[in-house]
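Peer 1: Sequence:
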Amino acid sequence: MAAGSVNPFNLSDSEEEAERRPNVTTDTQRSPNGGASSGPPGNPFATPVDTEPPTLLLSSNRTSPSAEGLPVSAAATAAMTGGTGDTRVSIDAIAAQLLRDQYILTALELHTEMLEAGRELPRLRDYFSNPGNFERQSGTPPASKDQGLGPGGPLNRAGSISTLDSLDFARYSDDGNRETDERVTESELTSQERKKHKSSVEFQDPIRQLEKRALNFLVNEYLLRNEYKLAAITFSDENDDQDFELWDDVGLNIPKPPDLLQLYRNGGSVASSPRETVDVAVSMELGDLPGNYTSQEQSKKPDLLQQQQTELVQELEYQIGLLNTEKESLAEQIRKMHSEIQILKRCASSPPSAPLDLGGCPTSGPPSTDSSDLPSTRPLDNGQYLDIRAGSTVEDSADPPMTQSSPQPQTQSHGKLKSRGPVHFDQPNRKLSPAFQQALLSFCRMSSDSRLGAEVSRIADSEESVMLMLGRCLPHIVPNVLLAKREELIPLILCTACLHPEARERDQLLHILFNLIKRPDDEQRQMILTGCVAFARHVGPTRVEAELLPQCWEQINHKYPERRLLVAESCGALAPYLPKEIRSSLVLSMLQQMLAEDKADMVREAVVKSLGIIMAYIDDPDKYSQGLELMLLSLADPSERVVSATHQVFIPAFAAWTTELGILHTTLIPSLLTRIEKLLLVGGEHGLDEHKLHMYLSALQSLIPPLFAVVLQNAPFTSRAKLHGDVPAIEVTRFPRPASPLQDVATIVGSRETVSVLLSLYDHQLEHEGTTGWDSLLWVVNQLLPQLIEIVGRINVTSSTCVHEFSRFFWRLCRTFGKIFTNTKVKPQFQEILRLSEENVDASTGNGILTKATVPIYATGVLTCYNQEEDRKLLVGFLEDVMTTLSLSHAPLDSLKASFVELGANPAYHELLLTVLWYGVVHTSALVRCTAARMFELLVKGVNETLVAQRVVPALITLSSDPEISVRISTIPAFGTIMETVTQKELLERVKMQLESFLEDPQYQDQHSLHMEIIRTFGRVGPNAEPRFRDEFVLPHLHKLALGNNSQTVEAKRIDIATQLFEAYSALSCCFISEEVMVNHFLPGLRCLRADMEQLSAEHEVILSSMIRECEIKIENRSIGDAQGSLSIASSLVGEDAKTKFLSKMGQLTTSGAMLANVFQRKK
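Residue numbers for the sequence shown follow my numbering, so the first one is 1 and each next one is one higher.
Derived by calculation from the structure, the hints in this document are not laboratory data. Remember, it's a predicted structure, so these values are computed and weren't measured experimentally. All clues given are correct.
Straight line, CA to CA, 25 Å or less: simulated SDA-like cross-link-like pairs of lysine to any residue:
| no. | residue 1 | residue 2 |
| --- | --- | --- |
| 1 | K819 | L697 |
| 2 | K852 | H691 |
| 3 | K825 | V876 |
| 4 | K827 | T733 |
Let the sequences and hints guide you as you build the complete structure.
Peer 2: What follows is the structure, given as structure tokens:
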């Protein structure tokens, strides 16, 4: 504002001439009252014509309240009042004319010469540093703009990869993954977008997409800064195609503009630096103008001139208003600066004697009023800065300057730093004027007219001022740090957020923390979480609730799962530091919402773990029902990792809470048992939902360790448990391996030493003193076990999944509660129900329970808990008794089969099962021997070939020569399974000879049941058997059986054999069959079967005819060397190894007649 603030060494050529000739203007000039109007505002030259007034130079930024408006006003005043003087044209005007007429090379040469002479023209510098001027270059000069600063209006910088200062480094960081790049340079925006609205009403274009995105960004920023968080969330959801965290996502390759508040205060513009633009007023001779310029201006209509004159008056009035506003703003700044100076003077112990300022570089203009240049928190600094900038703008240069402290040892305390006096500098014995000193020091080129310059020029000397400085600088530092290194900023951000005095700045810093990395990995999230916990420990629960939780809430629906994962983990990590009301309300609701709605498995997994932590800090009993709901919701999750986290973290934490409430065994476990009973009740009508059964049983299984801890801690001997002397160690196999440390009984109780003492007292109490007064254990014995046994008796014994789940549950229950408990409390209840005594063999009431799932669950879940000799003998005896009882009573063998399948999955029990079967082989009853023979079929698949050769085949051969034909027939399925699974040739030959004896021995010719069993076995094992065995043994004998069935006189037997043959041929048709075998056995056998089906079943006859046609076509194609129309997919494979590989893949294939009918019909 004052003349003293202008740098006398920073004047352009036009400025020098303006000083020498202050009244330079046009030769001919009239008053506006004369009736003439001004020329176009964009014309940089005045026209010396009688009918034309002089041209007024207006600022390119008409709405800016900055100091650059002053030369405009001065130029306009000079143009209106008139004047005379030298008509010499300035170099700046020449440069403007060259650019206007597109003499680019000449202008470039002039620019180079001016640079070499040390007199750079801002106009040429801005023009040639803007790549946009050359990207849109055309063959004809552009039309004159309504701004007077050169062609195309004000020449601002635009982004380009061709200049270093326009590079957008944030774009090339590792923060990628942006699907589209919609950025455009500022130079690509049309002039209409840059045009400022005048006071008169003008037509306004519809909003453009880039304008909309920019305004959306500013509106969202405004809502967040002013605590309209819910409105900001809604606004963000309605504009989900835009990332409101990155200004680059808008698409404009320009720096982010000020916020809405500053745009409103400044009228939508930002003050430009006085070094970038220079306002000049020049005059020219008429002959210097283009040839047709004068004639064009003289031909304008009077109404146009009148309109331009009116606009000029309005423009001047508008400039006056802006200057008044700026005057008030600067006056306010001066008052503030005077106040700071007075404070600093009071803080100083003695005035400095140095007449020169340390940084006596005067600024080239008054301080900018832009919020980005002058921090708004300056009054809060409380004079705690050592300002190294010149004070000439606010006070005379002769005033005492600011003082700066000299370096001190690091061991000096902060109190000593603040209390020491100012440092004195030696001054030369010279007599220089202050103006000369300032002009001389200006060559230091120190800059303080920008935001960064303002920060650098002030040194903080207190903790509070350091925090204020960091709060201002960090938002500008973070975007320019590589994503891979941004975690290095976490300590700085957290420290500033903890200690900063302003709530809004703290909120901004925490927002930066949670948005520091676009997609943080595990290590980065751990760093952020560690910082959040440290912040929470430092500030307390009130600020955690007010400052950290809103950041979590804002990102609960973020589009990146890594950010939502950070929120889920933060809720758990911050749980110990939150107010208890917030834990059980807001945080619990947030996690419940994420568990129900989030689509990412890893997010829901983290939610479940955080819920487990929350459960450890909730003390509101009313939240039990919500906790149970969350547990069931987590268990029903489709992701295995979420369910695993539920068992490892949530259920143990929830069980610990229910234990404290005293409702673990009175409410939680009974509620799960009730759900299982309802599930079985519904399953009896519509089929059992095995997934839900598994869910409830797995939850009960995870509750066994806390249940046992309750039994121990509420035992009569608890008061006698003392830790003294040598504590016996717990056996490694005493407890089942826990799914997580939270399911370890020692962790639940407190320590392994405590558990060891309690276990010894527990075993002694059960063995010698009983359970009197032991309420928790009595509940397990008298309520839990009977209800579980009742449920077991109601499940379907043929469901291997249900049998396995309940077996594992009882196994863990018995192993956790110990051997004494199992022998004295569990086994007696099962034995009482099963009633295996011999006198009850024929009683129907005693056999019903033996056909239920109680048998396999008791055998595999209770009797296998301990593997000592007496335990194995008890298991063998139980299985022998069950096999004998079921056989003699002609009961179904499903329960025995389920026991063999469950036990056979563990090789440790193969010898035991073979011992049980040998007992059946040598039994006196043929019924028991038949049962033993059928059980071999189930055991062969899991037993190694050595045991098959040494134990299984001898037993089967013994049974195959049994006097009872039914026993011999019962061995056929087991022989077939051996042919399907065993690879030893000697063993296969023995089995083949035995089966051939069944088929060739005359005594079996009329054995209808034997033939049925052989055909059924051939159809089951044929596709998976060794190809040579299938071609040389199975297919020829099927052919013989089909041929013999044609002469069967008993129609019922004929139908049975034909139906079984149809199923066998359907399964074998998918195998590779050689041409010789197909011609000699397979095709003739099909024809014999078709002959039977013509009389017995027309539907089967159609299918067989189609199969025969396919075989005949295949044979014809092979005869001419064409492989088209092959009967099976495997016909294209060459070599025995390829055939074997293919057939092994088809091992489990079973095809019904209806399916084959569809297959062959499609092939027609």
